[in-house]
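Asker: Protein chains in written order, with our numbering: chain A, 396 to 617; chain B, 2 to 251; chain C, 53 to 253.
It should be emphasised that the hints constitute simulated quantities derived from the structure, not laboratory data.
Please read these numbers as outputs of a predicted model, since none were measured by experiment.
Check the hints yourself; a few may be wrong.
[Claimed, not checked] Some chain C residues close to chain A (C-beta under 8 Å, calculated; not the full set): (1) Arg61; (2) Leu103; (3) Leu139; (4) Arg142; (5) Gly166; (6) Tyr168; (7) Gly169.
[What the hints assert, rightly or not] Quick look at which bits of chain B chain A covers, simulated, 3 or more residues with Cβ under 8 Å: (8) 31 to 38; (9) 105 to 113; (10) 144 to 155.
Heads up, the beta-carbon is just placed ideally off N, CA and C, and yes, glycines get one too.
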Amino acid sequence: MSRLWQCFKRDLALNWNDLGAALRPVMFFALVAVSFPLGMGADPQLLRDVAPGLVWVAALLAVLLALDGLFREDVLDGTLEQWLLSDLPLSITVLMRLGAQWVSNVLPVVLLAPLIALALGISAPTAGILWLTLMLGTPTVLLLGSLGSALLAPARSGSGLLGLLVLPLFIPILVFGAGTTMAHASGVEVSAQLALLAAMFVGALSLLPAAIAAALRIVTGG
Amino acid sequence: MSRSWQWFHRWGSSPYVFRVGRRWQIGLGSIGATLLLIGWFWGLAIAPVDYQQGNSYRIIFLHVPVAFLAQSLYMGLAVAGVVLLVWKMKIADVAIQAGLPVGAVITFLALVTGAIWGKPTWGTYWVWDARLTSMLILLFLYLGAMALRPALPADVAGKAVALLVIVGVINIPIIKYSVEWWNTLHQGETLKLTERPAMPASMWMPLVVSILAFYCLAGYWVLKRLRTLLLVRESKASWAREYVEQHHGL
Amino acid sequence: MALNIEQIRIERDERVLLDGFDLQAQPGELIQIAGPNGAGKSTLLRAIAGLYSEFSGLIQIQGESAATERRRRVLMWTALAGVKARLDARQNLKWLMDLRGDQGDLDGLLAQVGLYGWEDALAGTLSTGQARRIALASLYANDAPVWLLDEPFNAIDVQGQALLALRIRERLSQGGVVLLATHHTPSDLMPDQVLELGASE
C-alpha cells in the first residue's frame, strides 16, 4: 500500500517539475472561455444563458489537452515497460498517475471555472453548482479520456485523433454537467442529477482503470 | 462439447471462412435483393398515403432499416471484439475491419434520410432531437474506431480497435439516456420519428420486410469485404495465391 | 529448472522470426541470444517476460507459464534506460525498486555505481551513460530468478560496462539466470549457452 502511495507522490513530483506543462490546460481553458464573449458579443443575458455549456466545453477541451500524449513519454523513455512488469497492479498504478494528473492539471481548471462563470453573469449559487458538477465530472472525463491516451500511447501526440476517439464518450458527462447547471439556474431541484454524476464517477472509477491497463498491455504487444 | 468446440475452431480458419463465406454471401445477397424489391414495391407503390405526412413518410422504408442496422452492426462488431480479445480468433479482427466502414456509411445514410424526412415534416433539415443526435454520435464512434487502426503498429491495431469498440458499445445506452434527458430540458419536444400512434399493417409489414432486406444486404456487403480482406491479409498463403491465380489468371 | 522454453514460434509482420525454438536454463547459467538486428531477440525477450503474447509454444519460469506469474519472476532491461528525465537519480532509483518490490539503501547503491554526488541531479541532465547507471544501481538490489537484458552494454559507458559485467557474474553465483540479447559478445563474460537467431531466408 505504501508503495502505491509513493507512486502517487512521485507522479505529483513529476508534474511539479514541469509546471509549465501542468498549467497549460488551465491557461487554455481561460483563453477559450474568454474567446466566447469576444466572439459572440457581450450581451449579458446571452452570456448568462450559454455560460454553463460554454464553461463545460472549455473544460472538456482543457482536459483533452492534459490527456494528449499522456503515456507517450513513458513509451519513449522505457518506463512504461517497467510499469507493465511490476507486480503492483497496473490498474492501480495507472489510477495513481491519473490522480496526480487530475490534481496538477485539471484541478486548477475546476477552481478557475466558477470565477469565469461569475464573470459571464451566472449567479453565485449556480456557479457553486457548476463547480460541483466539474468536481464530479472532470475525474470521469479524465478516466474516459485516458483510455484514448492509452490506446494512442505508441502514436504521435497532437494529431487530434484523441479528440475524435474520446469526445463521443464525454457527451453524457457534458450533458449532465452543463444541463444540471442550467436546470439549477432556472430554479429546478438538481440533487438527483448530481447524484447521477457521482454515480457515473463511481462507475468509471471501478471499471475504467482495468480497461486502461488492458489498453496499455494491448498496445505494447501483450 | 468437443463437437461444438470443433465448429467454433473451424471458423478460425481463413480458407474455411473464405469458402463457406462465398455461399453465405451469395445467399444473403439474393435474399436481400429479393426482399428489398418486395418491401419497397409494397411500401412505395402499394401502401396507403399517410393522412398526416402525405407521401413523404415513405422515406421510412429506407430510414428505419438503416437506423436499426447502424446500431445493430455496432453491437455485432463489439461482439466480434470480445471474440478477438477473449478467444484470440484473428477472423474477428478481419470482421471488425470489414464492418466498420459499412457501419459508418449506413449511419451516414440514416442521418441523411433523417434529415430528408425532417424537411417536409418539420420544415427543417436538422433538429437536435434525441434520436438524430445519438445517431450523429454513433457516426463519430464508427469514425473514431476507423481512424485508430492506421495510427498504431499493425500487430496491435486490431486488438486496440476491438477494445475501443467494446467501450463504445457500453457507452451507447448511457449516451442515449443522456441525450434523451438533454432533450427534455428544452420545451417543444418534436415528434418522435417512428413513435407513431398506430401504424397500420399495410405500413409496418412492408417496413419489416425492408428491415430484413437491409440486414441481409448489409451481411452481404460485410461478407464481401471480409473475404477480400482475407485475401489481402493472407496474400502470401498458398490458398490465397491459388484462388487469385484461378479466378483472375494472374 | 529455472527457465524452460519449448517449441516457440513467433511470427511478426508476416515474417517468421522463430520456429521450434527451445531453451532450458538452470540457475546460475548465463545465456547469450545472438543475432543481427531485427532477428527477433527483443521480441523473444519480451515474450519470455510476459509482455508479448503473440506466440505459440511454452514458456515457463520456475514452472509457471502464466504471463502474470512470469512477470513477477523477471527483471527486464530494454534498449531504453527506463528512467524519467524529470525526476532526480534518487527518485528514479526508488521508483524502479518500488516497482520491483526491492529494498536497499538508495544513496549507497548510487555510490556503488559511481553516481555519488549526483543523487539530486535530474536524470534529464545526466549523460546517457549516467542515466543507465541508475538502472544499473537497481540491479544491485534485485534478485529476480531470471534477468532479461536487451543490449545492456549499449548506451552505457566503459566504467558502467565493467560494473555491469561484475554484477552479472555476482548474480549468476547467487543462482540467477541471466539472458543477454546482444550481437556483440562481451569480452569478460563466458556464456554457458549461445543461441543464434535470424538465419536469413
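Asker: All the hints need checking, so say for each whether the structure fits it.
Answerer: Against the structure, the hints:
Because the smallest distance between the Cβ of Arg61 of chain C and any Cβ of chain A comes to about 16 Å, over 8 Å, the interface hint for this residue is violated. Interface hint at Leu103 of chain C: satisfied, since its Cβ lies 6 Å from the closest Cβ of chain A, which is below the 8 Å cut-off. Of the supplied interface hints, the one on Leu139 of chain C holds, with its beta-carbon coming within about 6 Å of a beta-carbon of chain A, less than 8 Å. Interface hint status for Arg142 of chain C: violated, as the beta-carbon distance to the closest one in chain A is roughly 11 Å, over 8 Å.
The interface hint given for Gly166 of chain C is broken, as the beta carbon of that residue sits about 21 Å from the closest beta carbon of chain A, more than 8 Å. The interface hint given for Tyr168 of chain C is violated, since its Cβ lies 22 Å from the closest Cβ of chain A, which is over the 8 Å cut-off. The beta carbon of Gly169 of chain C comes no nearer than 20 Å to any beta carbon in chain A, farther than 8 Å, and the hint placing it at the interface is violated. Given as covered by chain A, the region 31 to 38 of chain B fails the check, having 0 residues with a CB less than 8 Å from a CB of that chain where 3 are the minimum.
With 0 residues bearing a CB less than 8 Å from a CB of chain A, the region 105 to 113 of chain B misses the requirement of three and the coverage assertion fails. Only residues whose beta carbon comes within less than 8 Å of a beta carbon in chain A count, and the region 144 to 155 of chain B has 7; three or more means the coverage holds.
The structure fails to meet hints 1, 4, 5, 6, 7, 8, 9 from the earlier list, while all remaining hints are met.
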